[in-house]
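J.: Taken in order, these protein sequences are the chains called A and B. With the first letter of the first sequence counted as 1, position 339 gets the number 339 in my numbering; the numbers rise by one all the way through. With the first letter of the second sequence counted as 1, position 149 gets the number 149 in my numbering; the numbers rise by one all the way through.
Note that these hints are calculated values from the structure, not bench results. Remember, it's a predicted structure, so these values are computed and weren't measured experimentally. Each residue gets a CB set at the ideal place from its N, CA and C atoms; glycine is no exception. Any given hint could turn out to be false.
[To be verified] Here are the computed lysine-lysine pairs in the DSS-like style, where the Cα-Cα straight-line distance is at most 25 Å:
(1) A:Lys512 / B:Lys512
(2) A:Lys544 / B:Lys313
(3) B:Lys313 / A:Lys131
[To be verified] Here are some, though not all, of the chain B residues that point toward chain A, as calculated from beta-carbon distances under 7 Å:
(4) Glu329
(5) Tyr358
(6) Ile367
(7) Ser369
(8) Leu503
(9) Asp527
The residues making up each chain are set out below.
Protein chains: 2
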Amino acid sequence: MIETIHSPADIKGFDTAQLNALAAEIRRGLMNRLSRRGGHFGPNFGIVEATIALHYVFDSPKDKIVFDVSHQCYTHKILTGRAAAFFDDAHFGDVSGYTNPEESPHDFFNVGHTSTSVSLACGLAKSRDLKGESCNVIAVIGDGSLSGGEALEGLDYAAELGSNLIIVVNDNDMSIAENHGGLYRNLRELRESGGKAPCNLFRAMGLDYRFVADGNDPAALIEAFAAVKDTDRPTVVHIVTQKGKGYAPAETERESWHWHSPFDPETGQSPAQGGENYSALTCGFLLRKMKADRRVIAMAAAVPVNIGFTPEKRREAGAQFIDVGIAEEHAVAMASGIARGGGKPVFATHSSFFQRTYDQISQDLCINSSPATLLVNTASVFGMNDITHLGIFDIAMMSNIPNLVYLAPTNCEEYFAMLDWSIEQDRHPVAVRIPCGDVVHTDRPVDTDYSELNRYQVTQQGAGTAILALGNFFGIGEALARLIEEKTGTAPTLINPRYITGLDEPLLEQLKSGHSAVITLEDGILDGGFGEKIARYYGAAEMKVYNYGLKKEFLDRYAAEDVLRANHLTPEQIFSDIF
Amino acid sequence: MIETIHSPADIKGFDTAQLNALAAEIRRGLMNRLSRRGGHFGPNFGIVEATIALHYVFDSPKDKIVFDVSHQCYTHKILTGRAAAFFDDAHFGDVSGYTNPEESPHDFFNVGHTSTSVSLACGLAKSRDLKGESCNVIAVIGDGSLSGGEALEGLDYAAELGSNLIIVVNDNDMSIAENHGGLYRNLRELRESGGKAPCNLFRAMGLDYRFVADGNDPAALIEAFAAVKDTDRPTVVHIVTQKGKGYAPAETERESWHWHSPFDPETGQSPAQGGENYSALTCGFLLRKMKADRRVIAMAAAVPVNIGFTPEKRREAGAQFIDVGIAEEHAVAMASGIARGGGKPVFATHSSFFQRTYDQISQDLCINSSPATLLVNTASVFGMNDITHLGIFDIAMMSNIPNLVYLAPTNCEEYFAMLDWSIEQDRHPVAVRIPCGDVVHTDRPVDTDYSELNRYQVTQQGAGTAILALGNFFGIGEALARLIEEKTGTAPTLINPRYITGLDEPLLEQLKSGHSAVITLEDGILDGGFGEKIARYYGAAEMKVYNYGLKKEFLDRYAAEDVLRANHLTPEQIFSDIF
């Protein structure tokens, strides 16, 4: 059947039996890709029927469907000419895991962060109205994304549009983990009352509202979508779906099947992950701190497992762990409040999700010098590699905010020493980059006190050249130091800067004697980063400064080694550039 | 009466007559300060009684009151030992216009941006609970602030606290301008139904709810606050107040009296502002563009007048002007959607308010290369000078985001040429720094096409030294160039970089011949800024690089000339530093 579908027009005449058969066939394609490549399992399995119904009723791409996060867009891709990427292993690489205008005219935005669809769709609708055109604009947003400030701002504004906008709320009663926030009580009331509860978040936001009890029933969905098609008012269609629908392990273990690595479809099992990892180590460390001090509190924003807080560990932490849901702005402001009140908050999320909360880091946290700790995860070229989830911008974004102490550990022992110091001190907002990649241990002495700010650590005193190798790139610095010594006979000085947010001016001054060149290495873009501050410091001095890091660009689905080479970041490349 | 009030304890025994007399006396103090110094008139006049009632019922600072924005905290300051700053002109300088923990133990945070109070208060409440203490935590938030994502995230999360938190919603049916968003229809329903409408935004967020019809009646307020004191659940008290209460001009012209410059209390008139200003010029320019092209749309987020869109001009623009309310995240994402749909959006707000939307600039706008225009206002050391409203961080924040073209005009003609180019091009997201200060005109030729990116303009070809003077600091560059020529006999090269976001490498390469030093000047912090990129470029070259700009720090209530001197930014200081 899939071979006969080249565009959404090809499903328009289908009867219910055909639609159901199509759904089953699509799930086979999803299973084929997801079991071999991994990806967002639960969201895609849950929304098969709703996507079919959308394409049955609306005329994409004239009618414009904007998927929130767009991690649930696989069925949409299958129905819009990209089925091979799901059914034919050789074509897996043809598509990204998100909507992508470069792939298809049916995709309008490259997205991957949550809570953006309503605002983006409002923009499409406004343009349509200004140009005097007519079409349907549809935002598809999951219940988990509703707690994000951008989504709530968008829902609130949508009522002002006064023209066609259809917001499909795909309610599977789950965020990535369980939902958090008072609005989810209202969604439950709406589900339990068949949409009839008089208190209704969407109506309170000024929107029309319609309810579909079984969002996995194509006929019911088609009826509801047809009823709102060409509406002249912003309207919510609240559909209740089953996350992971059609695969028993995903229907029951919804959190672990939200995103899943490759697995055996028969058993649902993935190959065992051996060895240590920073997530589990971080969770263990924080639980020990919590038990010793009731004021210590770990905070997540919808991705608790990224610092090891599985459901079991969350229960163990009790009231000392909170997941605020998708609400990073709230998380940072609340962390500032907790710290101001004498608590010891540690808020962790991914590097690219911290982008949501620049203003709160600056205003709520740093102006107030609240001693909260931010743990910045997957902050590395070795982190996530989708264009929307890059971990290479946080140094430029965060390190230029006054009062913040941003630390870059080079190994496991240093990481936990920094984290421990941060939790126990009460003077500074502190961010720590969680090391990325395999867990690296050290025999080098590690300081336990970081309160004298901006003191870099000289790990090898040499001459001629000084290497300042920050955080995750310290290993490159070590290898480069060995190479320089081997090739030139003179060992360079090797320095672990530790502090991203300030210069060790006495040390930089000392380096002027006996050194003619400084090489900086950082795991992030060069623009606005650490190395440029060193270049500024030596701007008028005789010292030559070579900054190594990444080009300012949006990378997508890359292999880290390719990016390192493209940026001349191998020790051999650096050596041959300079010597 | 005021002389007898040293702390909130001194008003506890007051009867209704005394409370009313106190309110009248406080308004005299407010009028004294506001008419002479200017400030947030409407918010402070409207909340006198509610603040008195809060301090009558609760025991500050054991009970903790967190004011949103805190531009309405003047009565709170008067009642907590800081009355002199309102009644005695000699003491005006003792207090800031916002809450400030350095002034008083009754103030918990230094705030100034909207929509933060609920999250900050959640943090104080959580700390209280972790430590096993008991007190009331009260957030006071205006209706205008409710549309902000951070506030909506906070309201949604608050229901999860499960302990004491009192959220006073001060509803005066106004934002800075009129409110925008669907939730304001719900607030109206609640006002009109005496709080009894079954559809209730706050209940939909999982919160308890109580309504006070006359929020300027001390007795009604005291009754309501006493009823929720020591509650064990997050509870909203929705009070309806009159913005500008007690001063007829402010009660009727609520938008222009939200913030007001010094005025004559008898007439309500301020001294006339003579001459041109960039706000009115920007509005006029955009209106002309709109009339020529229906796709052009101006967007504001609650501060329309900052680009000259007075109520009259908004009516003139019709559907081509939108104010999204306090919702900067939505504004940028919607602008991206409008641009994707073929519209030509121009979104303007203050430099420090763009901080709210770092992620949307990066993800929604720049990853998608949507050709929207951002106008960054008061982006300068000459801009607003409160710690929470500084315009010196936007270069560091925005210029390191890939794909964004960030332009710094040096005068009026260049500004409008850049803006015009940005609106008409369809390839790049573009931000333009609105020049700050007096309108500067030029006879120099101004380019109309900026599509060949990163081409700096040499305005004077000289030798020895090259000055790269960015945007608002071009005038300093010109003065420095004259001084160097005068003192050394050799005219330096003077360059207007125009593009903040990229290097003119061919030009920088050329400068190596005939120049031994480059001086950069930028109106913003040095860290993460423009000059450091020049320093990096010349890191290994013979060129000396001197970066001039501002130190990375939170300034507060400063005189620009002091800050310039402290950062060695006068031409004389720079000359004596280098020559």
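J.: None of the hints should be skipped; say for each whether it holds.
T.: Here is what the structure says about each hint:
no.: 1; hint: A:Lys512 / B:Lys512; result: holds (24 Å)
no.: 2; hint: A:Lys544 / B:Lys313; result: violated (56 Å)
no.: 3; hint: B:Lys313 / A:Lys131; result: holds (21 Å)
no.: 4; hint: Glu329; result: holds (4 Å)
no.: 5; hint: Tyr358; result: holds (4 Å)
no.: 6; hint: Ile367; result: holds (5 Å)
no.: 7; hint: Ser369; result: violated (9 Å)
no.: 8; hint: Leu503; result: violated (10 Å)
no.: 9; hint: Asp527; result: holds (4 Å)
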